[in-house]
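Using the sequences and the hints given, assemble the complete structure.
2 protein chains.
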Amino acid sequence: MFDDQASGYDYQRGSRRKCTFERWHQDNQHVMIPLRSAKGGRAVSAVTKTAANSVAVILGHDLSSIDDGDVTWSDAHANFLSSLSQEEIQDLLTCSRLLVLKPRDHLFRAGDHSKDVYIVAEGCIRLFKVSPTGKETILWFNFPGELFGMAEIWSGSQRQVYAIANEATRVYSIRRQDFIKFLGAHPEAAMKAIGILSARVRALGHTLGGLASDNVETRIARLLMRFAAISSATRCSSGVNDAELCVNVRLRHQDIANLIGASRQTVTTTLLQLRKLGAVRMVDHHIHIVQADHLRCLF
Amino acid sequence: MFDDQASGYDYQRGSRRKCTFERWHQDNQHVMIPLRSAKGGRAVSAVTKTAANSVAVILGHDLSSIDDGDVTWSDAHANFLSSLSQEEIQDLLTCSRLLVLKPRDHLFRAGDHSKDVYIVAEGCIRLFKVSPTGKETILWFNFPGELFGMAEIWSGSQRQVYAIANEATRVYSIRRQDFIKFLGAHPEAAMKAIGILSARVRALGHTLGGLASDNVETRIARLLMRFAAISSATRCSSGVNDAELCVNVRLRHQDIANLIGASRQTVTTTLLQLRKLGAVRMVDHHIHIVQADHLRCLF
DNA sequence: TGTTTATTGTCATCCAGGCGACAAACATGC
DNA sequence: GCATGTTTGTCGCCTGGATGACAATAAACA
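Those protein sequences? They're chains H and L, same order as listed. Just so we're aligned, residue 12 is where the first sequence starts under the numbering used here, counting upward by one. Just so we're aligned, residue 12 is where the second sequence starts under the numbering used here, counting upward by one.
In short, the hints are calculated from the structure, not lab data. Just so we're clear, the structure is a prediction, and the values are computed from it rather than from any experiment. Hints should not be assumed to be uniformly reliable.
The list treats identical chains as one, so a pair stands whether inside a single copy or across any two.
Stated by the list, open to error - 30 Å max Cα-Cα, derived DSS-like pairs, lysine-lysine: (1) Lys126 - Lys113; (2) Lys192 - Lys203; (3) Lys203 - Lys126; (4) Lys287 - Lys113; (5) Lys287 - Lys126.
Have a look at this one:
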């Protein structure tokens, strides 16, 4: 069925030419998720457990914000779970199911009617849109403790985005009704939810402004600073110069491209430039920001 | 002070070259709002009244959504005020002040610390960002009944966007504390607020996807359909073919450009094409969509 | 250990759309 | 009615970045 996807070099996830795009619709779904390999996107192969453990990991996740001109990003990735009280966490998680996802499993697709909100237990979920031409635009990543899927719950309608596991990931799944009930019972939590959505609005607005007025280099610089900020908690073990910022997220060039609305090639080239300038460097498969100032002055 | 702004033709609001941009910083503000004329941007020349009347106008404002592929837009412009009960409206408006704005008055600027949320009573408020190079990106317009300014309230930080009156406008201003107290006291309303923020997230995500993957023509088409949908309530009086959709919002080409992240010239040209094709036409200073299908098939 | 698939690096080509520069058409105030 | 400011229409030039094509690694797998 997807036998053509594995062929050919320089396959850009989801950004094929229009002429071949029709193949994607062979499925009965609205739009096929562009899968990276034939066996890549298993359906939600979820193991359902009654959630109880592994909350500890999440709670330790604190975000010391790194100044990138404003505090947008640290807010946008506010750790919902750890901001709740013990009782609230109990209340919420008792009515949740724990889903276990393998890398590239999808949690939901655009067009789905799933009516759950999710909290990442561990791993990382990628939220993205797919344009009619098959181009993928990543809206954001969800890290442990983060709440997502909220936006679509309030419109009775279908999901508008895709959510897939970027790596081995576990998420708590909470049914719409339960979640609403929970918010009703815990006004504090409702306020926090509003706070998270607000941060999301600000973050998206920010991204939008950047996309509309900055060039690729600037957008990359912003993105790196942003990810450095949100991944600063999980410091990279390669204990190098602590002056350096570590972008401790697995990002392929294609991901960056999808994140900033550029082509993969341009990202490769630009990143290379930045490396030659000594602004960033690669430390086993992830980026370290050597001269934050250099990036910041591109803003 | 702004004596140079009025000079020269083809002045693009806020998108001057970098070399002249420094002039904008003569003020002690972070970034000057690019004003359209020297006398344009008076400070909030607000007349404070105890809000009581003119709610009627707003409540009549109903949104029959026009299908543009999804229901995003009608949601995003959900009428917060009219969705509340009589008592809720009372509660909310008694602790509000009514601000009267002349066209181009600004309500707040990026960097401000104003801690209010607002509800449009009548008129229209434009929310936008200004990039370091002075380029303006419009996030959205707020129409009567709509709640805005919420996103920044939850971060203790400064406003990230500019809000100025697009025309003669009146807004209810509610202090942060009062608003939070209100939401606490009215869980229903809190849910509605969440719904609005959700819709905003969806709308921004949509715009982002479009900006990243569509060309200017498509983006314009989308925009027109969107505005036709949200302005369908206030039908244009020029009672022409009721088959036509009326974009009953005052939009200059520059506004459209700022809305979709394009240059004014390109917007002019593209719009002209669309007119030649018979897809849209001008009816005294605003756009009518003659062939909605034509626009929709550009998506 | 060899084979297959994913990811990165490079290059030549091409074009959508940004930008400056005017002119004409409107608006608005005096 | 004149003058000044604003918005729209048009052109030509020029570049950032998309696209396609491939080579070179690196990782996954069998």
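Tested hints:
Within a single copy, Lys126 and Lys113 get their C-alpha atoms as close as 21 Å, which meets the 30 Å cut-off; across copies the closest is 44 Å, which misses it. In this homomeric assembly, Lys192 and Lys203 come within 30 Å of each other (Cα to Cα) both inside a single copy, at 15 Å, and across copies, at 14 Å. Taking CA atoms no more than 30 Å apart as the test, Lys203 paired with Lys126 passes in both settings, with 20 Å inside one copy and 18 Å between copies. Proximity of Lys287 to Lys113 under the C-alpha cut-off of 30 Å is found in neither arrangement, the shortest distances being 36 Å within a copy and 52 Å between copies.
In this assembly of identical chains, Lys287 and Lys126 lie within 30 Å of each other by CA distance neither inside one copy nor across copies; the values are 48 Å within and 45 Å between.
Violated hints for the displayed structure, listed by number in ascending order: 4, 5.
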